[in-house]
Structure formats: structure tokens, C-alpha cells
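Engineer: The chain contents come next:
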Amino acid sequence: DAKTTQPPSMDCAEGRAANLPCNHSTISGNEYVYWYRQIHSQGPQYIIHGLKNNETNEMASLIITEDRKSSTLILPHATLRDTAVYYCIVRVASGGGADGLTFGKGTHLIIQP
Amino acid sequence: NAGVTQTPKFRVLKTGQSMTLLCAQDMNHEYMYWYRQDPGMGLRLIHYSVGEGTTAKGEVPDGYNVSRLKKQNFLLGLESAAPSQTSVYFCASGRGTPHGYTFGSGTRLTVV
Chain A
1 DAKTTQPPSM DCAEGRAANL PCNHSTISGN EYVYWYRQIH SQGPQYIIHG
51 LKNNETNEMA SLIITEDRKS STLILPHATL RDTAVYYCIV RVASGGGADG
101 LTFGKGTHLI IQP
Chain E
1 NAGVTQTPKF RVLKTGQSMT LLCAQDMNHE YMYWYRQDPG MGLRLIHYSV
51 GEGTTAKGEV PDGYNVSRLK KQNFLLGLES AAPSQTSVYF CASGRGTPHG
101 YTFGSGTRLT VV
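For the protein sequence lines, the chains are A and E, in the order given. Note that the working numbering has the first sequence beginning at 1, numbered continuously upward. Note that the working numbering has the second sequence beginning at 1, numbered continuously upward.
Worth flagging that the hints you see were computed from the coordinates, not collected in a lab. One thing to keep in mind: the hints can contain errors.
[As the list claims (entries may be wrong)] Here are the in silico distance ranges between beta carbons for each label pair:
id, chain 1, residue 1, chain 2, residue 2, range
1, E, Ser84, A, Leu80, 33 to 43 angstroms
2, E, Gly16, A, Val92, 32 to 42 angstroms
3, A, Ile63, E, Val12, 39 to 49 angstroms
4, E, Pro39, A, Pro113, 41 to 51 angstroms
5, E, Val12, A, Asn53, 26 to 36 angstroms
6, A, Glu14, E, Gly16, 48 to 58 angstroms
7, E, Ser18, A, Val92, 32 to 42 angstroms
8, E, Ser84, A, Thr65, 34 to 44 angstroms
9, E, Ser67, A, Glu14, 41 to 51 angstroms
10, E, Ser84, A, Val92, 47 to 57 angstroms
[Unchecked claim] Computed cross-link-like contacts, SDA-like style, restricted to lysine to any residue with a CA-CA straight-line distance of at most 20 angstroms:
id, chain 1, residue 1, chain 2, residue 2
11, E, Lys9, A, His40
12, A, Lys52, A, Asp67
13, A, Lys105, E, Lys9
14, E, Lys71, E, Thr55
15, A, Lys3, A, Ala17
16, A, Lys105, E, Gln37
17, E, Lys57, A, Thr102
18, A, Lys52, A, Ser28
19, A, Lys105, A, Lys52
20, A, Lys52, E, His99
21, A, Lys105, E, Gly100
Where a beta carbon is used, it is the ideal one built from N, C-alpha and C, also for glycine.
Could you put the whole structure together from the sequences, leaning on the hints where they help?
Structural biologist: So, in C-alpha cells, the structure goes:
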């Protein structure tokens, strides 16, 4: 799986959009980009994933650059409950993805009141 | 629909004792995983299973054994606990790529 690079920490004001960047310059054509988050002491929570196109769900939007070498997770209206560590993970699409996800250190997003 | 349930939630063991952590999922997922997370670090994969009756080693398998006798359950065993196994253990299940995983709430294990 391709390696990802994320800033170790970020701040965002409550009510504003939180934009979390991720660099994955060695990504292959068959690899998905996944985002998970981990709120303190809880299990990780799946947020969103994408391959080429931008994606949106009830939690967030994922913007993937045209060359697929970077992406941005957008939380449109951040709340204090969005304070968490956010993990960007790249994973191959074929083969069922059976052998698990590799978690880095992620970005610690702190939402300021 | 409970998702992924881990038992126990907390446990303190003495060095050399054994124990089994249970992970149960009610989503009919084929794939199940055990991770450990140490302070300030990301999750590391211990063992995983791609279906009932199958298991495989992950990144940090030493000192652990697993079994998947039923599709819905994935057991993690420590035969002789060591202080280095003090950690938070997370179980996850999934349908495979491209779908996301569902994680349990964790088991906090301290070995003294």
C-alpha cells in the first residue's frame, strides 16, 4: 500500500469547515483513499472512501486531486465532538483487502470553541 | 444491531497469566481483525481472519493466538501475559475492500 503523509495536528474554529490534507504521491491506480477517525479512547470510526471521484456522505466530503497524489477531507461545519485523530489510509482495491489496514499517526484535529 | 462487541472492556493480569478476549459481530462480515494500540501510536495489526476457520498473522503476532470457530466470533488469546502486552486492543470486522471496517470499543489490558 502507498504511504501517506499528514500534518501531526491542526486547529479549527467551531462552526467553520475543517480541511484535513493528506499526501499520497505514490498511490497506484487501483488503490482507494480511506479516512477514519478516532475520538479519544474509542475505537476508530470509518468516515469515507474514494477512488478517483470526489465523494460526499452525511459525515464529510472527500476531494481527490486529478493526479490522485493528494486528497482533502472536509468536515463542513465542525463541532467540538469532531475533535479526534484523523487517519488517511491508502488501500488496494483488488484482492478483497483482506489483510487489514495500516494506520499511521494521523492528524490530531482540535476544534476550538 | 450491536455491530462489534468486545468483552471484557477492562482487565488486569499478572505476568504469566492467560486470558482470552472475545470479539463478536452481528453484521455477517467475512473479515475480522485484532489490533493493538499503545500510547501515542497508531494501531498495529496482530492477527486477522478472512472467514470461518481461517486465521493469519499480522504485523505483531508474537505472544498471541487466535481462533475463528464461528463466523461471528474472533477470539484473541494470551497464553502467558507479559508487561509488554499492556495495551488497548481493538477488534474490527468488514466485508473487504472497498467497504470500510467497523471497530469495537476496545479492551484495556494491563499486565503487572
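Engineer: I'd like to know which numbered hints this structure contradicts. Please list them from smallest to largest.
Structural biologist: Checked against the structure, the hints that fail are numbers 4, 5, 10, 13, 15, 19, while the rest are satisfied.
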